[in-house]
Amino acid sequence: MKVFNVTKPGFFTTVQDLGRYGYLKYGVPISGAMDAFSLAAANVLVRNKPGDAGLEITLIGPELLVLTKVQVAITGAAVSPKIDGQDVPMWQTLNLEERDVVSFSRMESGCRVYITVRGGIEAPLVLGSRSTYVRGEFGGINGRQLRTGDIVEGFEAEPLDALYKMPEELVPKFTHRFQVQAVLGPQADMFTEEGIDTFFSSEYRVTPEADRMGYRLEGPLIEHKGKADIVSDALLHGSVQVPKNGKPIVIMRDAQTTGGYPKIAVIVTPDVSLLGQAKPNDVIEFSEVTVSQAQERLREYSRLFNGLNRMLVKAV
Amino acid sequence: MGTGKYTSGRYLPFGDSALLVEFGDTIDLDVNRKVIALSKAILKARIQGVEELVPTYRSLLIRYDLAKIGYKQLVLRVKDIESELKESKLEAVRRIVVPVVYGGQYGPDLSYVAQFHGLTEEQVIQIHSGREYRVYMLGFVAGFPYLGEVADEIATARLETPRLKVAAGSVGIAEKQTGIYPCEAPGGWQIIGRTHLRLFNPQMDPPALLKPGDSVEFQQVSEKEYKKIEEAILNGTSGAFWKE
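In order, the protein sequences belong to chains A and B.
46 is the number that my numbering gives to position 46 of the first sequence; each next residue is one higher, with no gaps.
Just add 316 to wherever you are in the second sequence, counting from 1, and you've got my numbering.
Hints listed in this document are in silico derivations from the structure and should not be mistaken for laboratory results.
Glycine included, C-beta positions come from ideal geometry on N, C-alpha and C.
Just to be clear, a hint being listed does not mean it is correct.
[To be verified] Footprint (simulated), chain B over chain A, 3 or more residues, beta carbon under 8 Å: (1) 23-30; (2) 108-117; (3) 264-276; (4) 286-300.
[Stated by the list, open to error] With a cut-off of at most 27 Å between alpha-carbon atoms, the simulated DSS-like pairs for lysine-lysine come out as follows: (5) A:K82 x A:K227; (6) A:K49 x B:K395; (7) B:K384 x A:K244; (8) B:K492 x A:K227; (9) B:K481 x A:K244; (10) B:K384 x A:K227; (11) A:K225 x B:K321; (12) A:K244 x B:K492; (13) B:K543 x B:K481.
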């Protein structure tokens, strides 16, 4: 089912689901929505599965010509989406008609917006996922970002009788400041005590070198005990590497699967999703948690994530 | 730190959903054998909640589902499995022969490597193709194998300035490692040759030709043979370069 004709592609728009798990040992990154929570929310708002594929829009939104009557939801960074120039709400089910034009204003804070369609976006399953991995040129629509003239397809699904919205208290509010929790290790013992203190007590600014692979940060330098290289081992999104220059790098979803810099800490899962909204010049502050504290937060987050579909309220 | 090989695994938390088991901090055959052996043993034990295993040079990353197994419980299970690993030097390995055309436009750094070591290009080729390499891990880009170890006589540091583009199939050397670029990518390895083998195909499962623990041998082919094979692949008359 043809859903959208892409009349303007935006800055960087790709198809993403919750990721391609199980292939790290072959060097295949996990990919998937940078802000997994917002994608899952957009999906349940059209009564899809949380992990169905949607469009991930970065910084500057696309313009989409609607090709069929369809229900959609828009979540993520605050963006004032418009249908035929009229503002429409985010975080709720929207009815679109054939020939409507969907457009987006500037993102005030945060940098990624998700749009899902009832039934889910159709793209071939590659290694179990529809996520686009642009560097590897596979997944999504021909393994690349959307271009003008692309047709976005969706799976057929019965339209919903009711429209839903996310209760206000569950809608995340993104600012230019991100407070994230992280577990020390696995190579924290390669840093001096001072270095670790610096990491957990300083503000780090996201540099322009920030994309789906990771964010280079600027801020007080983190001191290594001695050498700043390790024999490469595995990376996961959320790992924080510190190369010799003392400036941390946050690994995100399209990063290479192995790395040769020591990892000072790993960010807790819910905060990795939150950081999916960080953009150049935003500030990140790290605080230390133990594994059991991190897992308590993850449990709470998983309960919320898996229970989203029961928390929606009817939109009037 | 700095001890090379550990007598037993170091168990390190990796955030809220993974565990890292380190066997050393060096590139070493015994260390990597332990990594692969533990990986296989965990797969065999079918521990509920273990989602994914990522073997690397010297460690094994275990991603798990907290809803099914806790950190402490997982550490105990894996320690049990580690303690029962047999000290067997005999692994069942797959052997894969990789045809390579060396030098010229296919291996622009072959002459540098030869000069640097005071060897002829032919000698470098003989040394490079004259031994078996182990796939220590895959990484860098999808399907890229890190192979070791390169003989000291031809081990060469990376380029001072990495290339923006290295052709798919390029065979390179970086210190005591050798590797094959599965796709065009930026890179700083000394490129000495090229293979037509397709190392990565996301439409296949598994998507990579090689896996950690495999054994690889390079076999020199002439430019003429290489071109013949390339043509056959383009014509679709030969695609049999994918085997599991």
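Comparing the hints with the structure gives:
no., hint, verdict
1, 23-30, "holds (count 7)"
2, 108-117, "violated (count 0)"
3, 264-276, "holds (count 4)"
4, 286-300, "holds (count 7)"
5, A:K82 x A:K227, "violated (53 Å)"
6, A:K49 x B:K395, "violated (37 Å)"
7, B:K384 x A:K244, "violated (38 Å)"
8, B:K492 x A:K227, "holds (20 Å)"
9, B:K481 x A:K244, "holds (25 Å)"
10, B:K384 x A:K227, "violated (38 Å)"
11, A:K225 x B:K321, "holds (20 Å)"
12, A:K244 x B:K492, "holds (22 Å)"
13, B:K543 x B:K481, "holds (21 Å)"
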